[in-house]
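Undergrad: Below, each chain spelled out in residue letters.
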Amino acid sequence: MPQLNSVYRHRAADRVLTTVDTYRLSGGYLALEKALGEMTADELLYVFHRSGLRGRGGAGFPMGRKASFLPKDAQLAKYLVCNADESEPGTFKDREIMELNPHQLIEGMVLAGYAIGAERGYIYIRGEYEYQAQILDAAIEAARESGYLGSDIAGSKVDFDLTLYRGAGAYICGEETGLLESLEGKRGQPRLKPPFPAVKGLWASPTLLNNVETLAALPPIVENGPDWYAGMGTEKSPGTKVFSISGHVTKPGNYEVVLGDTTLRELIFDMAGGLREGRSFKACWVGGSSVPVLAEQHLDTPLDYESLQEAGTFLGSGGCIVMDDSGCIVRASLRLASFYRHESCGKCTPCREGTGWMENVLQRMVDGEGRMEDFELMEALFGRIGGKCLCALADGAVAPISSAIRLFRKDFVRVVSEGSPLPQPMSPQLEMSGGRANA
Amino acid sequence: MTAEEIRAHLDPIRDQFAEERSLVLPALKFAQGEKGHLTGDDVTEVAAATNLTPAYVESIASFYDRIYLDPVGKRVVSVCVSLSCMLNGSDELLEHLCSREGVSHEGGTSADGEITVQEAQCLGACDRAPCLQVDAEETMGPVTLSEADAVADRLRAEPQPRPVLR
Ligand SMILES: Cc1cc2nc3c(=O)[nH]c(=O)nc-3n(C[C@H](O)[C@H](O)[C@H](O)COP(=O)(O)O)c2cc1C
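Protein sequences, first through last, are from chains R and Z.
According to this note's numbering, the residues represented by the first sequence are 1 to 439, in order.
According to this note's numbering, the residues represented by the second sequence are 1001 to 1166, in order.
Isolated chain Z, as found in the complex (with noise of 0.2 Å):
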C-alpha cells in the first residue's frame, strides 16, 4: 500500500478531527484491509501518510490485537475463550479448530496459509456461546465442532474478501 492510497482514504475525513495524529488508526486499519497484515513497508508508507515516524505508527499497531504485524492466514477465525463461551464449550471447540487445522493449541496458521485460528476475548457475543468470528466481520454462535469444520471449508473454498476487515 502506498502514502499516496492511504492520503486518498484519508483525505475525507481529515476534518473530522483536530489533530492529524487520530488518522493513524484508520490509516493501519485501511492499509491492512489490503493483504490482512502490515509489511514494516506498510507501517513506513503509513507514517508517511499521516506525517508520523515509523516506530511512532509501529508502536500504536502493536498496541491492538487486531492489527498484524506478521502475516496471518487468508482468514483470520477467532474463538472466544472468555468466561460465558469457556462455560459453553469454547475450549473444545478452539481444541478442536486448532487440531483441525495442525497448528498448536494456542493457535497458529494451517500450513496451506489458509487459516489462522486464533483465541479471542470476549466478542459480545455470549447470547450465542460459543461463538467464533470470522475476520471482524462474521460473529456466528453457539457453533458446533461440526459446524466448525463447515465453516472452515467454506472459507477455502471462497475468496478472500477485499478489503480485508480484521
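The shape of chain R in the complex, shown without the other chains (with noise of 0.2 Å):
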C-alpha cells in the first residue's frame, strides 16, 4: 500500500465532504461500523493506544492514555467533550476540518464515546464560529437520520448522541477546565487541577476532552489500523499533524505533514510558497502564539514534538506564524501581549496583573519611551508570572516575550536605545489579492 499520509479524508479525496454520502464514499463511517459490530470497548481503547496518537489542542498528552484514565467502575455518567474553541492566534486546523468534513468529526465522536462508555458528548465550538457551527449542526442532524447517532447505532445496539454547544467569545474557554465551566453555565475559569476530568470533568462526571484534530484521527486508525498510524512519524511523534502557517508566506494555508519528515523550512519555503520577493526570513512562532519564538538558526529543525523541544520550543497547536525582515519583533512581541492581556481571565492575580505589565513595558517600548531598566523589569515579572497560575495561559503568554527578548536582544536594545521602533509600519498586502468569502 503507498504510504497515505492524509489522515483527514477530505484531503485524501481532496474534495468538500459535507454530507453523509459524499463521506461515505471516500470511506466514511466504516471505522464506526467495524468497531461498533466487532470490538469490545477495552479493544477500541487499546487501538487508541497504540497508535500512539498525540492530543492536537497544544499539550501533545497521548490521547489513548488519558481515555484510559476515566475510572472503569464509576457509577457517574461518563461524557466526551470536543474542545472545538480553537482560538490560538495562527490556527486554524480545527476550522477546516468543521467546514469540509464534519462527518470524521462525529465518527471519531462515536468511536471515542463508545470506547469510553459515554452515551452523550459535546462539541464546544467558538462563537465566532457560526458558519462553521451551522455545518455541523446539519451534518450531526444528517448523521441521526442515517442511524450514526442516537439510540442502537448502526444496529449495535449502543447509544450515543452529540450536543453542539457555541461559545460566545473567550480563548480562555479554550482552555478544557474553562471550556468545562462554561459548557456548566458558569464563567469559563480555570478550575484548580487535580482532580482531572478525567476523573471529575463536566458535572464532575468523568469526562474525557479532546481536541477536533485529535479526535477525528481515530477512524482513519480504527479503518487501517494502529500500526498503520503508529508506522508513520517517528517513535515519540507517530502520525501526521496538520499546520497551519501564516503571516509573511505566499500561500498560507493548511498543511498535513508526517511529523519528523518535513522541517520547517520545507513547511515555510517549499509548502507555503516561501516569503515575498526580496524578504528575508525574521522569526516564526511555530506552535501558536503561545510558544517560544525561533528563529534563523532553527529552520532546519523537523518537525514532531521532541525535535521542536529540542529547539527550545512546543508544536502547540501547531500555528505557525511567519514574520519575514519588514516586521519588528518588538511591536510582534506586543501584540502578543496585547492578545494576553485581554484574554486573561482575571482569576488569578500573576496572570491578570501580569499580562497587563508586560503589555504596558512593551508599548512603552513601542513609543519610544523603553529604558534598559525595563530587561530587568521584565526578566522579573517573567519569573512572577510562568508556573503561577492555574492553568497554562500565563506561560503561554511569556513564552514568546522571554524567548523574543533572549534571541532578538539587539533588535529589543536598539529600539529602547534609540527611542523608536523600525521599521513601520507594517506594509500589508492589502491591495495585491481580492478578498475571498467564506471558504
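Rather than coming from a laboratory, the hints here were simulated on the basis of the structure.
All C-beta atoms, glycine included, are put in the ideal place defined by N, C-alpha and C.
It is possible that part of the hints are untrue.
[Stated by the list, open to error] Just so you have them, the derived chain Z footprint on chain R, three or more residues with Cβ under 8 Å:
1) 80-92
2) 121-128
3) 176-187
4) 250-262
[To be verified] Which residues of chain Z face chain R? A few of them, derived with a C-beta cut under 7 Å, are:
5) Asp1011
6) Arg1014
7) Gln1016
8) Ala1018
9) Ser1022
10) Val1024
11) Tyr1064
12) Asp1065
13) Arg1066
14) Ile1067
15) Leu1083
16) Met1086
17) Leu1087
18) Ser1099
19) Cys1126
20) Ala1136
[What the hints assert, rightly or not] For each label pair, taking beta carbons as the anchor points, the in silico distance ranges come out as:
21) Z:Glu1005 / R:Arg279: 54 to 62 Å
22) Z:Glu1114 / R:Lys72: 56 to 64 Å
23) Z:Ala1008 / R:Arg265: 55 to 63 Å
24) Z:Gly1113 / R:Lys72: 53 to 61 Å
Need the complex rebuilt from these two chains, each delivered in its own frame; the hints are there to steer you.
TA: Here is the structure:
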C-alpha cells in the first residue's frame, strides 16, 4: 500500500465531504460499523493507545492514555467533550475539518464515546465559528437520520448522541477546565487541577476532552489499524499533523505533514510558497502564539514534538506564524502581549496583573520611552507570572515574549536606545489580492 | 424578548444537559438574536427562563466578548488584529474603517447607528489575513481597503438579518 499520509479524508479525496453520502464514498463510517459491530470498548481503547496518537490541541498528551484514565467502575455518567474553541492566534486547522469534513469528527466522537462508555458528547465551538457551527448542526442531524448517532447506532445496541454548544468569544474557554465551566453555565474560568477532567470533569463526572483534530484522526486509525498510524512519523511523534501557516508567506493555509519528515524550512519555503520577493526570514512562532519564538538558525528543525522541544519551543497547536524582515519583533511581541492581557480571565493575580505589566512595558518601548532597566523588569515579571497560575495561559503569555527578548535582544536594545522601533508601519499585501468570502 | 419565548427555545434542548444552568449561554445568545444586544429587561427574562438570578445571568453575560450588554450598530464588523493579520495590514484596515465610519480608532458605532466597528482577537482565518467578520456569520479576507468600503456600503443597504447572530 502506498504511504497514505492524509489522515483527514477531505484531503485524501481533495473534495468537500459535508454530506453523509460523500463522506461514505470516501470510506467514511466504515470504521464505526466495524468497531461497534466487532470490537469491545476495551479493544477499541487499546487501538487508540497503540496508535500513539497525541492530542492536537496544544499539550500533546497521548490520547489513548488519557482515555484510559477514566475510572471503569464509576457509577456516574461519562462524557466526551470535543474542544472546538480554536482561538489560538495562527491556528485554523480545526475550522477546516469542521467546514469541509464534519462527519469525520462525528465518526471519531462516536468511536471515542463508545470506547469510554459515554452516551453523550458535546462539541464546544467558539462563537465566532457560527458558519462552521451551522455546517456541524446539519451534519449532526444528517448523521442522526442515517443512524450514526442516537440510539442503537448502526444496529449495534450502542447509544451515543451529540450536542453542539456555542461559545461567545473567550480564548480561555479553550482551556479544558475553562471550557467545562462555560459548558456548565458558569464563567469560563479554569479550575484547580487535580482532579483532572478524566476523573472529575463535566458535572463532576469522568470526562474525556480532546481537540477536533485528535478526535477526527480516530476513524482512519480504526480502519487501517494502529500500526499503520504508528508507522508514520517518529517513535515519540507518530502520525500526521496539520500545520496552519500564516503571516508573511505567499501561500498561507493548512498543510498536513508526517511528523518528523518535514523541516520547518520545507514547511515555510516549499509548502507555503516561501516569503515575498526580496524578503528574508526573521522569526516564526511554530506552534501558535503561546510558544517560544524561533529564528533563522532553527529553520532546519524537523517538525515533531521532540525536535521542536530540543530547539527550545513546542509543537503546540501547529499554528505557524511567520514574520519576514519587514516585521518588527518588538511590535510583534507587543501584539501578543496585548492578546494575553485581553484574554486573561482574571482569576489568578499573577496572570491578571502580569499580562498587563508586560503589555505596558512593551508599549512604552514601542512608543520610544523604553529604558534599559525595563529588561530587568521584564525578567522579574516572567519569573512572577510563569508557573504560578491555575492554567497555562500565563505560561503561554510569557513564552513568546521572554524568548523574543532572549533571541532578538539586539533588536530590543536598539529600539530602547534609539527610542523608536523600525521598520514601521507594517506594510500589507492589502491591494495585492482580492478578498474571498467563506472557504 | 420574553421568558416564555426563551423557554420555548430551550425546551427542545433541555434534556441534553444534566444541569439547567448550562442553558444560560444558549438563552443569552437566543435573546440577543432579537436586537443584537441585551437590555436589562432581557437579562431579567433570561434569568426567569433559566431559574437563575439576574445578577448571576449578568455575571455570565459580561464574561464573553460576543454578548453585548450595551446597544451596538445594526451590524457589527470585527477586524482581527492578532499577529498574522497585523503582519498583513490589519491596523491599516481597522484605521480605515474607523475613520470611514467616523468612530475613534479603537472602534465604536457610526453616528447613523448602522455599523459598529470593533477590534477582534484571532478569528481563525489567518490564511486570509487581514480578515474581518460581519456579526458572527460571515468571515472574509484578505480584505483590501476598497473592499472594506464595499462591505460597509452593502451592510448599510441590506436589511438586518433575523436572528442577529453575534
Ligand atoms: C489558554 C489555553 C487555551 C487553549 N485553547 C485550546 C483550544 O482552543 N483548542 C484546543 O483543542 N485546546 C486548547 N487548549 C488545550 C486544552 O486545555 C486541552 O489540553 C486540549 O483541548 C486537550 O485535547 P487534546 O489532548 O486532544 O489536545 C488551550 C489551553 C490553554 C491553556
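Undergrad: So, for every hint listed, does it hold in this structure?
TA: For each hint, the structure was consulted:
1. 80-92: With 7 residues close enough to chain Z, the hint holds.
2. 121-128: Coverage by chain Z holds here, the residue count being 3 at a Cβ distance below 8 Å.
3. 176-187: holds (count 6)
4. 250-262: holds (count 3)
5. Asp1011: Violated. Min distance 15 Å.
6. Arg1014: violated (11 Å)
7. Gln1016: holds (5 Å)
8. Ala1018: Cβ of Ala1018 (chain Z) sits 5 Å from chain R, so the hint holds.
9. Ser1022: Since chain R brings a Cβ to about 4 Å from Ser1022 (chain Z), closer than 7 Å, the hint holds.
10. Val1024: holds (4 Å)
11. Tyr1064: Where the cut-off is 7 Å and the nearest Cβ of chain R is about 4 Å from Tyr1064 (chain Z), the hint holds.
12. Asp1065: holds (3 Å)
13. Arg1066: Interface hint status for Arg1066 (chain Z): holds (4 Å vs cutoff 7 Å).
14. Ile1067: holds (5 Å)
15. Leu1083: Given a least distance of 5 Å, the restraint on Leu1083 (chain Z) holds.
16. Met1086: holds (5 Å)
17. Leu1087: holds (5 Å)
18. Ser1099: violated (15 Å)
19. Cys1126: holds (4 Å)
20. Ala1136: Hint holds; Ala1136 (chain Z) Cβ to chain R Cβ min 4 Å, cut 7 Å.
21. Z:Glu1005 / R:Arg279: 54 to 62 Å: Since the Cβ atoms of Glu1005 (chain Z) and Arg279 (chain R) sit about 55 Å apart, the hinted range of 54 to 62 Å holds.
22. Z:Glu1114 / R:Lys72: 56 to 64 Å: Roughly 58 Å apart at Cβ, these two residues keep to the hinted range, so it holds.
23. Z:Ala1008 / R:Arg265: 55 to 63 Å: Once the Cβ atoms are compared, 57 Å apart, the range 55 to 63 Å for Arg265 (chain R) and Ala1008 (chain Z) holds.
24. Z:Gly1113 / R:Lys72: 53 to 61 Å: holds (58 Å)
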